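**Student:** Please construct the entire structure, taking both the sequences and the accompanying hints into account.
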Amino acid sequence: MESKKEIGPVLEIKDLQKSFGDNHVLNGFTLQLFEGENLVVMGKSGSGKSVMIKCLVGLMQADNGSIRIKGQDITVLGQTELDLLRTEIGFLFQGSALYDSMTVRENLEFPLRRHKHKLNITGHTEALIVEALENVGLADAIDLMPAELSGGMQRRVALARALILKPRIILYDEPTTGLDPITAKEIIQLMRSIQKKYGTSSLIITHDVDCARVISNRIILLVDGINYAEGTYQELIGSDDPQVKAFFKH
Amino acid sequence: MNNLRSRLFMTQSLRIVERTKAFFTEIGDLSFFAWRFFREVFTRPFEFQELLKQCYHMGNRSLLLVGVTGFILGLVFTLQSRPTLMEFGAESWMPSMVGISIVREIGPVITALICAGRIGSGIGAELGSMRVTEQIDAMEVSGTNPFKYLVITRITATTLMLPILIVFGDAIALFGSAIIENLKGAVSFQLYFNQVFDAIEYSDIIPATIKSFFFGFAIGLVGCYKGYFCKKGTAGVGEASNSAVVYTSMLLFVIDFIAVFLADIFFEI
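Protein chains in written order, with the numbering used here: chain A, 1 to 250; chain B, 251 to 519.
Don't take each hint at face value.
When the alpha-carbon atoms are kept at most 30 Å apart in a straight line, the in silico DSSO-like pairs for lysine-lysine are as follows [stated by the list, open to error]:
hint : chain 1 : residue 1 : chain 2 : residue 2
1    : A       : K185      : A       : K196
2    : B       : K481      : A       : K54
3    : A       : K14       : A       : K70
4    : A       : K197      : A       : K166
5    : A       : K14       : A       : K245
6    : A       : K245      : A       : K166
7    : A       : K116      : A       : K197
8    : A       : K166      : A       : K185
9    : A       : K54       : A       : K197
10   : B       : K481      : A       : K44
11   : A       : K116      : A       : K196
12   : A       : K54       : B       : K398
13   : A       : K44       : A       : K70
14   : B       : K398      : A       : K116
15   : B       : K303      : A       : K116
16   : B       : K271      : B       : K482
17   : A       : K245      : A       : K44
18   : B       : K434      : B       : K271
19   : B       : K398      : A       : K70
20   : A       : K196      : A       : K54
21   : A       : K70       : A       : K196
22   : A       : K44       : B       : K482
23   : A       : K44       : A       : K54
24   : B       : K482      : A       : K54
25   : A       : K44       : A       : K14
26   : B       : K398      : A       : K166
27   : B       : K303      : B       : K434
To list a few chain A residues with every Cβ distance to chain B over 10 Å, as calculated [claimed, not checked]:
hint : residue
28   : T75
29   : R161
30   : T177
31   : L179
32   : Y228
Partial selection, computed: residues in chain B whose CB lies under 7 Å from chain A [as the list claims (entries may be wrong)]:
hint : residue
33   : Q330
34   : E384
35   : A388
36   : V391
37   : S392
38   : G393
39   : T394
Derived by calculation from the structure, the hints in this document are not laboratory data.
Keep in mind the model is a prediction, meaning the values are calculated, not measured.
Glycine residues also receive a C-beta, built at the ideal position from the N, C-alpha and C atoms.
**Tutor:** Right, here's the structure in full:
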């Protein structure tokens, strides 16, 4: 990881601040994600994890601070540049966010409509869609509607959609929330295998300690809108800090 | 007692001020939404495929409802008017009266109100549900402008489809009216429609057609606005769908009044 640090981060957040009226959600949050790294951000519900990740992809405007993805500050980018940069980022939403009026095939085709050129595709996208679905073990579900899939299958299809443009960075917003323990483990294994296969960098937002233990290279604990603690799983689990202890030793 | 009354008065006044403020804020936001539509509608990329799909959904799938309503409207309108016209010995005026009323006013307004219920609420619920389940966010993150893909296509589709639906509804209503005249007054279909087309002038058709585009625009605009900015939760989706119909219906009557007022100036109707 040291050599990767010398190259510089693929994603960097500096002093991020975001408030909703008097509710100060982020108070100077800072983060660096390096190439090939799995960074987990943990925190209680309502601690600002989802707000941070939405600021990261431009779904929310931060009040202050800078967000640099592959060296580009997203807070100053125009819409076209931002859309282009977004093709470098895959986003797995908490509730999967599959387009429920489209089939699985159409869901996966959707990101390709405007960005085929990124993958140098001129004709049919079928092979790419089948490959993405095979990666998540759901090639047979290609013509099904999202409503016909279980929660775990929906999450897998959402992951396939996030991967279809071959992004360098994948953002996971609560990837195991709402799933039974067995399906949650399958999703975590899938995340690991995808990371291994494509060498992507992952930022994982979760409060699932098991998920963090299995997948993380590094963990940041987000409390009151700031980086409260940072380290590997082993370092944090051995911490004497009462807030860190409360989070990990349940 | 006086103290209590003045406090009650103050509370009520504050509530009225808050509601007025909220109302004007809503009007401002809706106007900004409309301005954004005009700013982006002529810029690339164009979503023609989605536009055609929406035209099909809104146009073709509303035909039955608009047709049935128009047919019953023609039947009822003629049945209700016959006794009064007969009383004055003016039943021969029936085709002209029904034709002008339907083409100029009743047809466009009734069809627009039906479409506000069917299409406007549908758009509000669909976009609201997409907002709540983060589908709109997912679209944005995948590098597609959701405003262009969802909003511009839907508003354009309603603006283009409503005039067609209105012409269709008018035709069916006149056909319904002709059936009653044929059964009750022994007026042939040919005579009935000859009289209708003799009575209708360009000053009836042009303002009605122009306002039908505005009706379509209003239905799409309010439905999209309510759905796009839907509050979280299933209650928010219900509210988006419901308020889309209520606001659109009110807006349709305002547009109708302005259209009639302007037509009166320009065409001396």
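**Student:** Indicate, hint by hint, whether the structure satisfies it.
**Tutor:** Cross-check of the supplied hints:
| no. | hint | verdict |
| --- | --- | --- |
| 1 | A:K185 x A:K196 | 17 Å, holds |
| 2 | B:K481 x A:K54 | 17 Å, holds |
| 3 | A:K14 x A:K70 | 14 Å, holds |
| 4 | A:K197 x A:K166 | 11 Å, holds |
| 5 | A:K14 x A:K245 | 26 Å, holds |
| 6 | A:K245 x A:K166 | 38 Å, violated |
| 7 | A:K116 x A:K197 | 21 Å, holds |
| 8 | A:K166 x A:K185 | 23 Å, holds |
| 9 | A:K54 x A:K197 | 26 Å, holds |
| 10 | B:K481 x A:K44 | 24 Å, holds |
| 11 | A:K116 x A:K196 | 24 Å, holds |
| 12 | A:K54 x B:K398 | 21 Å, holds |
| 13 | A:K44 x A:K70 | 29 Å, holds |
| 14 | B:K398 x A:K116 | 19 Å, holds |
| 15 | B:K303 x A:K116 | 22 Å, holds |
| 16 | B:K271 x B:K482 | 23 Å, holds |
| 17 | A:K245 x A:K44 | 13 Å, holds |
| 18 | B:K434 x B:K271 | 55 Å, violated |
| 19 | B:K398 x A:K70 | 27 Å, holds |
| 20 | A:K196 x A:K54 | 26 Å, holds |
| 21 | A:K70 x A:K196 | 20 Å, holds |
| 22 | A:K44 x B:K482 | 21 Å, holds |
| 23 | A:K44 x A:K54 | 17 Å, holds |
| 24 | B:K482 x A:K54 | 16 Å, holds |
| 25 | A:K44 x A:K14 | 21 Å, holds |
| 26 | B:K398 x A:K166 | 25 Å, holds |
| 27 | B:K303 x B:K434 | 43 Å, violated |
| 28 | T75 | 16 Å, holds |
| 29 | R161 | 8 Å, violated |
| 30 | T177 | 13 Å, holds |
| 31 | L179 | 17 Å, holds |
| 32 | Y228 | 27 Å, holds |
| 33 | Q330 | 42 Å, violated |
| 34 | E384 | 4 Å, holds |
| 35 | A388 | 4 Å, holds |
| 36 | V391 | 5 Å, holds |
| 37 | S392 | 4 Å, holds |
| 38 | G393 | 4 Å, holds |
| 39 | T394 | 6 Å, holds |
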